[in-house]
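J.: Sequence:
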Amino acid sequence: MCGIVGYLGPREAYPIIIEGLKRLEYRGYDSAGIALFDGTNLKVSKTKGKVADLENRVENEITKHGNVGIGHTRWATHGVPNDINSHPHISNSGDLVIIHNGIIENYESLKQELTSRGYTFQSDTDTEVLINLIEDVKTQEKVKLGQAVQIALNQVIGAYAIAVFDKNKPEEVVVARLGSPLAIGIGENEDEFFIASDASPFLEYTKNAVYLEDEEMAIIRFHKGVKIRKIKDDSLVDTYVQELQINLEQIEKGGFDHFMLKEIYEQPKAIKDTYRGRLLRNDAIIKMAGVEDNMKKFLNANRIIIVACGTSWHAGLVAEYIFEDLARIPVEVEYASEFRYRNPVITENDVVIAISQSGETADTLAAIKLAKSKGAFVFGVCNVVGSSIARETHAGAYTHAGPEIGVASTKAFTTQITVLTLIALRLARAKGTISSSDFRQHLLELELIPNKVEKALKSDAHIKMIAEIYKNSRNCLYLGRGYNFPVALEGALKLKEISYIHAEGYPAAEMKHGPIALIDENMPIVVIATKKGHYEKVVSNIQEIKSRKGKIIGIVTEGDTQVKELADHVIEVPETLESLSPLLTTIPLQLLSYHIAVMLNKDVDQPRNLAKSVTVE
Numbered sequence: 204m205c206g207i208v209g210y211l212g213p214r215e216a217y218p219i220i221i222e223g224l225k226r227l228e229y230r231g232y233d234s235a236g237i238a239l240f241d242g243t244n245l246k247v248s249k250t251k252g253k254v255a256d257l258e259n260r261v262e263n264e265i266t267k268h269g270n271v272g273i274g275h276t277r278w279a280t281h282g283v284p285n286d287i288n289s290h291p292h293i294s295n296s297g298d299l300v301i302i303h304n305g306i307i308e309n310y311e312s313l314k315q316e317l318t319s320r321g322y323t324f325q326s327d328t329d330t331e332v333l334i335n336l337i338e339d340v341k342t343q344e345k346v347k348l349g350q351a352v353q354i355a356l357n358q359v360i361g362a363y364a365i366a367v368f369d370k371n372k373p374e375e376v377v378v379a380r381l382g383s384p385l386a387i388g389i390g391e392n393e394d395e396f397f398i399a400s401d402a403s404p405f406l407e408y409t410k411n412a413v414y415l416e417d418e419e420m421a422i423i424r425f426h427k428g429v430k431i432r433k434i435k436d437d438s439l440v441d442t443y444v445q446e447l448q449i450n451l452e453q454i455e456k457g458g459f460d461h462f463m464l465k466e467i468y469e470q471p472k473a474i475k476d477t478y479r480g481r482l483l484r485n486d487a488i489i490k491m492a493g494v495e496d497n498m499k500k501f502l503n504a505n506r507i508i509i510v511a512c513g514t515s516w517h518a519g520l521v522a523e524y525i526f527e528d529l530a531r532i533p534v535e536v537e538y539a540s541e542f543r544y545r546n547p548v549i550t551e552n553d554v555v556i557a558i559s560q561s562g563e564t565a566d567t568l569a570a571i572k573l574a575k576s577k578g579a580f581v582f583g584v585c586n587v588v589g590s591s592i593a594r595e596t597h598a599g600a601y602t603h604a605g606p607e608i609g610v611a612s613t614k615a616f617t618t619q620i621t622v623l624t625l626i627a628l629r630l631a632r633a634k635g636t637i638s639s640s641d642f643r644q645h646l647l648e649l650e651l652i653p654n655k656v657e658k659a660l661k662s663d664a665h666i667k668m669i670a671e672i673y674k675n676s677r678n679c680l681y682l683g684r685g686y687n688f689p690v691a692l693e694g695a696l697k698l699k700e701i702s703y704i705h706a707e708g709y710p711a712a713e714m715k716h717g718p719i720a721l722i723d724e725n726m727p728i729v730v731i732a733t734k735k736g737h738y739e740k741v742v743s744n745i746q747e748i749k750s751r752k753g754k755i756i757g758i759v760t761e762g763d764t765q766v767k768e769l770a771d772h773v774i775e776v777p778e779t780l781e782s783l784s785p786l787l788t789t790i791p792l793q794l795l796s797y798h799i800a801v802m803l804n805k806d807v808d809q810p811r812n813l814a815k816s817v818t819v820e
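Sequential numbering from 204 applies to the sequence shown in this note's numbering.
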């Protein structure tokens, strides 16, 4: 889950790498480092902390000159966050340097073997073992750097995206990937090259990118281009250059204090962009190529299995209600991180839907590979074009949410639900499980959702006032029923992620089976109590809370009076169909979490211990 950046070309490498690391800091931010080659010396500076701390250290430690360099921002796996464990790591000879995203699972046995050969280690990382393994191969086999990297990687078990540099061959950088993303930006005249975990670090320099596939490596040479080979058998791979469709403005804050707030407010546009061209209300049609081309697979499925992690798992839970309610297809929702380890029963008659914002989630990728090995049809829902999940699945649909930089997902959740709703509606129409009038009503209401989200966002000032009251709470419960039970889970997750307040989401009816014991006058309880669905049941739950002096924050439909009389605070959202209500009820929960975190002076965009893209298992 680390971010890697590299540059080889005629410009000064330092400013490109530093700015690139800042754009990748969402991937990890407990330490950072840089290695530069000035034509004579290899200079390394690294530190615990953020990229800003690295900038301060570079000012005091090394000169910034050099036309080739690599940089790293870390989310710790092996070894605590400190200066020594920070990347880059240098080989014992001082000639080779590496940055690495991923985990080398057999590093301990490799380390023992290298130690027996006289190698010493300064850090606790698996990465330092890898760079010394590469050096050992290079020395023993008397091969070039690219061959040494290839031979070494065939000895490791785990996941990686790496960039390796040899100061004795300064016109070349070797990169490779397995399970962790890696992009190569190619300058317009092919006289400079950029390396990064995603394209954001080099967007202002080039729109031409090559994405390495799993088990591929590339040798990048100044003035000579990119040569890609398979790691296993050394066969050459055609270099496919694609033009990037995102721009620099999309990954800037745009006047907002935080990326998270910007992305909350982008949801009306993101939802509209997600159904644009797919939802044709006037013609009463939903057009999705990935679904149309595989309609028989969906219609003949015995069941749908949804695999995802975190916020995407919550979106999958909403989809379970939608698919079963509208299309009458049995659905199971699985944590991808558990799915592969319990020997699941998967058949050729199953459809597996994998959901991931980044398209790089390691556990979800592993679940996809398992499902494919069992013969299931796998459909991906992700946001990042060209990501690993987009390439690994049989078919899929992009959410078109635009870049999401804030670690706590917001627009990813609503756009995933939008895509999954479109699929469910299309299948329901094909199966005849929804009437023509209900289908048209759903299309109309879905088309109105962006405007209704805009309206929900206008409660921001009121939500901020509520946040001020409850910002010092130590615990919080979130309750919902039906379609809004997953929203309760998501609301609790948001509060935990960015404010570090303990919060739990429950089905409202389950409160009396244990959590009710926690309720007292100091416990805020957020209850999603919209008019549609199980309204009267939820009102009864609210009365149970009130009788025990709990503090009630109700998320209600506009004009509600019954809950307003019982709750300490209410936040209104526009009325819509029950199946679409999660797209609205999640908005105030996102804002509530955001404002509490800001008031507590937390790092909203980069909460502690987390990273945006979980590329390690």
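One or more of the hints may lead you astray.
Claimed, not checked - Simulated pairs of lysine to aspartate or glutamate, EDC-like, Cα-Cα distance not exceeding 20 Å:
| id | residue 1 | residue 2 |
| --- | --- | --- |
| 1 | Lys267 | Glu222 |
| 2 | Lys435 | Glu416 |
| 3 | Lys251 | Asp241 |
| 4 | Lys674 | Glu650 |
| 5 | Lys572 | Glu551 |
| 6 | Lys674 | Asp723 |
| 7 | Lys465 | Asp723 |
| 8 | Lys749 | Asp723 |
| 9 | Lys465 | Glu657 |
| 10 | Lys699 | Asp806 |
| 11 | Lys734 | Glu707 |
| 12 | Lys752 | Asp806 |
| 13 | Lys433 | Glu416 |
| 14 | Lys472 | Glu650 |
| 15 | Lys749 | Glu768 |
| 16 | Lys575 | Glu527 |
| 17 | Lys575 | Glu541 |
| 18 | Lys572 | Asp394 |
| 19 | Lys475 | Glu650 |
| 20 | Lys427 | Asp441 |
| 21 | Lys805 | Asp256 |
| 22 | Lys735 | Glu761 |
| 23 | Lys715 | Glu761 |
| 24 | Lys658 | Glu778 |
| 25 | Lys253 | Asp437 |
| 26 | Lys345 | Glu455 |
| 27 | Lys427 | Glu455 |
| 28 | Lys472 | Glu446 |
| 29 | Lys634 | Glu537 |
| 30 | Lys370 | Glu407 |
| 31 | Lys735 | Asp641 |
| 32 | Lys430 | Glu446 |
| 33 | Lys410 | Glu222 |
| 34 | Lys372 | Glu407 |
Honestly, the hints are just simulated from the structure, not real lab data.
J.: The structure should be examined with respect to each hint, and the outcome stated for every one.
T.: Here's how the hints hold up against the structure:
1. Lys267 / Glu222: Roughly 13 Å between the alpha carbons, so the hint for Lys267 and Glu222 holds.
2. Lys435 / Glu416: OK: Lys435 and Glu416 at ~13 Å, within 20 Å.
3. Lys251 / Asp241: Status violated; Cα separation ~24 Å.
4. Lys674 / Glu650: Distance of about 35 Å is beyond 20 Å: violated.
5. Lys572 / Glu551: holds (14 Å)
6. Lys674 / Asp723: Between Lys674 and Asp723 the Cα gap is close to 17 Å, so the pair holds against 20 Å.
7. Lys465 / Asp723: Given pair Lys465, Asp723 is violated - Cα atoms ~35 Å apart, limit 20 Å.
8. Lys749 / Asp723: holds (9 Å)
9. Lys465 / Glu657: Distance of about 13 Å is within 20 Å: holds.
10. Lys699 / Asp806: holds (13 Å)
11. Lys734 / Glu707: violated (23 Å)
12. Lys752 / Asp806: violated (32 Å)
13. Lys433 / Glu416: Status holds; Cα separation ~9 Å.
14. Lys472 / Glu650: Satisfied, since the Cα-Cα distance of roughly 12 Å is no more than 20 Å.
15. Lys749 / Glu768: holds (11 Å)
16. Lys575 / Glu527: Answer violated: Lys575 to Glu527 is near 24 Å, above 20 Å.
17. Lys575 / Glu541: Since the Cα atoms of Lys575 and Glu541 sit roughly 17 Å apart, the hinted pair holds (cutoff 20 Å).
18. Lys572 / Asp394: With a Cα-Cα distance of about 37 Å, the restraint between Lys572 and Asp394 is violated, given a limit of 20 Å.
19. Lys475 / Glu650: holds (8 Å)
20. Lys427 / Asp441: holds (15 Å)
21. Lys805 / Asp256: holds (18 Å)
22. Lys735 / Glu761: holds (12 Å)
23. Lys715 / Glu761: Not satisfied, since the Cα-Cα distance of roughly 28 Å exceeds 20 Å.
24. Lys658 / Glu778: holds (11 Å)
25. Lys253 / Asp437: violated (38 Å)
26. Lys345 / Glu455: With a Cα-Cα distance of about 47 Å, the restraint between Lys345 and Glu455 is violated, given a limit of 20 Å.
27. Lys427 / Glu455: Distance of about 33 Å is beyond 20 Å: violated.
28. Lys472 / Glu446: The hint is violated at about 23 Å.
29. Lys634 / Glu537: Not satisfied, since the Cα-Cα distance of roughly 25 Å exceeds 20 Å.
30. Lys370 / Glu407: violated (28 Å)
31. Lys735 / Asp641: Between Lys735 and Asp641 the Cα gap is close to 16 Å, so the pair holds against 20 Å.
32. Lys430 / Glu446: holds (19 Å)
33. Lys410 / Glu222: holds (17 Å)
34. Lys372 / Glu407: violated (28 Å)
Checked against the numbered hints above, the structure breaks hints 3, 4, 7, 11, 12, 16, 18, 23, 25, 26, 27, 28, 29, 30, 34 and satisfies the rest.
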